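Per this note's numbering, the very first residue in the sequence shown carries number 609; after that it's consecutive.
Quick caveat, the hints were computed from the structure, so don't treat them as lab data. Take these hints with a grain of salt, some might be off.
Calculated pairs, BS3-like style, for lysine-lysine (alpha carbon to alpha carbon, straight line, at most 27 Å) [said to hold, decoys possible]:
#1 683 x 759
#2 739 x 866
#3 755 x 683
#4 759 x 781
#5 765 x 696
Here the structure is a predicted model, which is why all the values come from computation and not from measurement.
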Amino acid sequence: MKVSTTSTSTATLAVPYTCRCAFCGATIQGEEKITAEGHAFTGGYATQSQGEMMKLSASLRAGASMPFELEYAEKRLEHYRQIVSSGKLKAFLETGKKRKEDYFQVDPNSPLGNYLLHGPNKTQLQAGNDKTRMSAYPYNWKVFDKKTAVKCPACGKPQPWCEDMDGESAGTKAFFLGAAVCMLGLIPFMAGLTLPKELRLLALIPFALWVASSVLFYKAMRKKQLARLAALPWNADDLPRFDEGFLAAQKARWQQAKDMGMMP
609 MKVSTTSTST ATLAVPYTCR CAFCGATIQG EEKITAEGHA FTGGYATQSQ
659 GEMMKLSASL RAGASMPFEL EYAEKRLEHY RQIVSSGKLK AFLETGKKRK
709 EDYFQVDPNS PLGNYLLHGP NKTQLQAGND KTRMSAYPYN WKVFDKKTAV
759 KCPACGKPQP WCEDMDGESA GTKAFFLGAA VCMLGLIPFM AGLTLPKELR
809 LLALIPFALW VASSVLFYKA MRKKQLARLA ALPWNADDLP RFDEGFLAAQ
859 KARWQQAKDM GMMP
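Required output: the full structure, derived from the provided sequences and hints.
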């Protein structure tokens with residue numbers, strides 16, 4: 609059995625942002641927490657001194673990754689702002705059709721693309737996740753749930769940009785509703801109905817109903833969901849904007865550390 613030792617460190621940067629409530633216009637203050645991972649590896653079991661050096665190395669690598677993670681967050685938010693302001697989000701909500709050209713894309717030849725595709729000292733999981741992040745779903749900024757959704761402190765309403773856009777919940781509900789239809793179709797057979805040999809294929813009808821009804825339920829629920837979302841007040845000026853002063857000061861500190869040889 610091959611043994612190796614891994615040390616992992618995580619750096620977190622809380623970036624303040626300001627947005628405007630889409631419903632009442634009140635100002636909302638928030639923070640976007642950006643995380644970066646750093647790893648150090650060695651073959652075999654690490655000694656105590658090696659372990660300490662690996663922890664330091666992993667911490668430095670996490671810090672070195674943070675500028676790229678911030679750049680990704682900035683570009684991802686700006687892309688989403690453009691999707692909203694250009695009417696592309698509204699078009700998606702009205703038609704339900706995803707457009708390939710709307711997707712967020714990272715240039716593989718850019719420094720950010722090189723970091724995501726070829727960054728050093730990544731675990732297999734991290735490398736896979738970073739490769740996936742080269743392209744991202746265009747019709748939301750990030751994924752929120754009931755706990756993380758941003759609510760207006762004045763009117764209490766969650767903001768439109770926190771809504772679920774992918775229709776996964778509708779698909780799950782449709783699956784189980786279709787299963788219920790299938791069970792209803794199976795009742796005669798569970799009650800002891802026996803078909804003649806030449807008609808035994810009819811026993812597959814409940815399962816065909818499962819598939820067909822699931823599709824119909826999904827289309828109906830998805831159409832209703834998209835109509836509700838399309839009716840929300842969408843305005844690019846309401847979206848979060850990172851604090852420019854904070855960003856400038858943070859980037860200046862990173863540049864200073866780089867000039868002093870403390871960051872690659």
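(request) Output the numbers, in ascending order, of every earlier hint that fails for this structure. (result) Violated hints: none at all, because every hint is consistent with the structure.
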